[in-house]
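Participant: The lines below spell out each chain.
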Amino acid sequence: MLEATADDDDKLELDIEGWEGPLDLLLALARTQKVDLREISILELVEQYLAYVEGARALKLEVAADYLVMAAWLAYLKSALLLPRDPEIEPSPEELAMRLQLRLERLNAMREAGARLMARDRMGRDIFPRGNPEGLRTIRKARWQAEIYDLIAAYGRVSARTRPVMHVVAQRPVMTLETAIQRVSAMLGQRVDWATIETFLPADAAPGYRKSALASSFLAALELARQGKVELRQKSPFAPLYLKGTA
Amino acid sequence: MTPPDEVMRAVEAVLFAAEAPLTVQEIGSHVGAGDIRAALYALADDYGPRGINLVRRGERWHFETAGDMAHFLRRDREEPRKLSRAGTETLAIIAYHEPVTRAEIESIRGVQISKGTLDVLMEAGWIRPAGRREVPGRPLTFATTQAFLDHFGLASRRDLPGIDDLRAAGLLDPVDLALENAVSGENEDEVESDGDKV
Amino acid sequence: MTPPDEVMRAVEAVLFAAEAPLTVQEIGSHVGAGDIRAALYALADDYGPRGINLVRRGERWHFETAGDMAHFLRRDREEPRKLSRAGTETLAIIAYHEPVTRAEIESIRGVQISKGTLDVLMEAGWIRPAGRREVPGRPLTFATTQAFLDHFGLASRRDLPGIDDLRAAGLLDPVDLALENAVSGENEDEVESDGDKV
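Protein chains in written order, with our numbering: chain A, 437 to 683; chain B, 36 to 233; chain C, 36 to 233.
In case anyone wonders, no lab produced these hints; they're calculated from the structure.
Treat the hints with care, as some may be off.
[As the list claims (entries may be wrong)] Simulated crosslink set (DSSO-like; lysine-lysine; CA at most 30 Å straight-line):
id, chain 1, residue 1, chain 2, residue 2
1, A, K680, A, K647
2, C, K117, A, K470
3, A, K496, A, K514
4, A, K647, A, K665
5, A, K577, B, K150
6, A, K514, B, K150
7, C, K117, C, K150
8, B, K150, B, K117
9, A, K647, A, K671
As the structure is a computational prediction, the values presented were derived from the model and not from experiment.
Let the hints inform the model, and build the full structure from the sequences given.
Facilitator: Structure representation (structure tokens):
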């Protein structure tokens, strides 16, 4: 296919758009020499290329910039190869020529490899997989996991969440006002002297209950004072509060 | 298995690549000349003892995997998964209150349960439908299974800790009080015992 | 063709039912115990002369129709879209040189590659990005895929047509390296003959 294009002189003359860059054009021209790429004459190739580009310009075809850059470089290479050697110039024109030849060889190798690859028996064109496979199935099953503690804790959590009122009342250590009035009245009857309100509280009460008892007993003291059953005495705000029965 | 001749090879390839079972005529239109029918019977013989069989269904022929190979084509894979919070709570309520209806579970949880939650518990084999309650609407009730007892290492449901045990373990603390205790710290025990006294 | 044993039958059935090529490990996960690899090689032998072949593509195995059956199967199938010349060359360069950067591809082809070229190859599933090269600019490299091996019927990259000859001839080496070798090595002959020609 590629050869056909390269051998077709008319097309070679006219169709610059068909080339995949200047190296591609050079390779096509090199193949017209009908020798192994290692044997080609670089000088002849340069002539062919320059003539081709000139021909395209004569036909007023637009020649892309990279083709012109290659043409300029090849013109330089040609003169360097023809002129007497200047050992000062590095790299030597021979090395440049060889570099070009190596590049053409590599491009050619890949072009042929590509063609051989495409000519293989290809899946979906020459070779076919099974048309109607049953398919393999993987059935994922969850193995559910939970620990007994999780279960019990969950039940505790649910119970706590749905019966909060009952528990809050039951758990809160409170001395009611009625209890305090009874307690304080009873204790006043047994005492004759002034005593701080703290001495009216339950002796071994836990801190939470003690606070409640203090508040209730204070209210009880105020209520009993209103009824004229107790006298209250306090020197200053937050100073100890003393109680004494009136009877 | 005899070495296949060219007609057999062609029939084999055509049937293999076909997207649906083919009639003798259809096979012939691909393969061209040759005794298609003879090739089919020879192939069916060849494949008889193999993991793949050539079979005729009505007028059509196709390859299929041998019937006794079915269990290799399906692979079960178990993946451990932790039960969600909703799942655990629902399971706990069923265990403590069985038999219990969905509406009752929701009323105890104080939250609606999604259908998936009961499905998961059913899939795990831990709960089962346990008859209908004879009230309007005849709702289905749920109860736990033997697999449930096995999984949680219980001899019977009576082995589940009772309400008093839960309270003693602090598992019944109302959320707000539990929080208070956690914050104040030292009086945790006292509050508990005082509560009982009051 | 030896009568198949049970592992062979199972491997045969699993590969036959599979929708894509499978690794030895994947086959094993369905088949369970047994020497999967030995069964695969025995099966590949069994199927060698048939219209269906068992083949290895990279690390995966599958059944496919034999190459010489193509003419029976091609009819009324759409030809896959033809790859452009640029696409074909670029694919060949990637396959024979991988991993390879875009700049290296361009240097071999002597022309810039349009963005579309790599896209088409990527879309076909034949090439993939294969990490960055640790040089200034950290350019991305490209390599071929499992699907590339599948499509072109290659057991591995070593089966690429002519790759050994190309490597031996130094045609897969960069130009600079080849030039160095040519100059340092058999340069006497080369230079002289070149000189003559020029």
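Participant: All hints are to be evaluated individually against the structure, with a verdict given for each.
Facilitator: Taking the hints in turn, this is what the structure says about them:
no. : hint            : result
1   : A:K680 x A:K647 : holds (22 Å)
2   : C:K117 x A:K470 : holds (29 Å)
3   : A:K496 x A:K514 : holds (25 Å)
4   : A:K647 x A:K665 : holds (24 Å)
5   : A:K577 x B:K150 : holds (19 Å)
6   : A:K514 x B:K150 : violated (86 Å)
7   : C:K117 x C:K150 : holds (18 Å)
8   : B:K150 x B:K117 : holds (18 Å)
9   : A:K647 x A:K671 : holds (22 Å)
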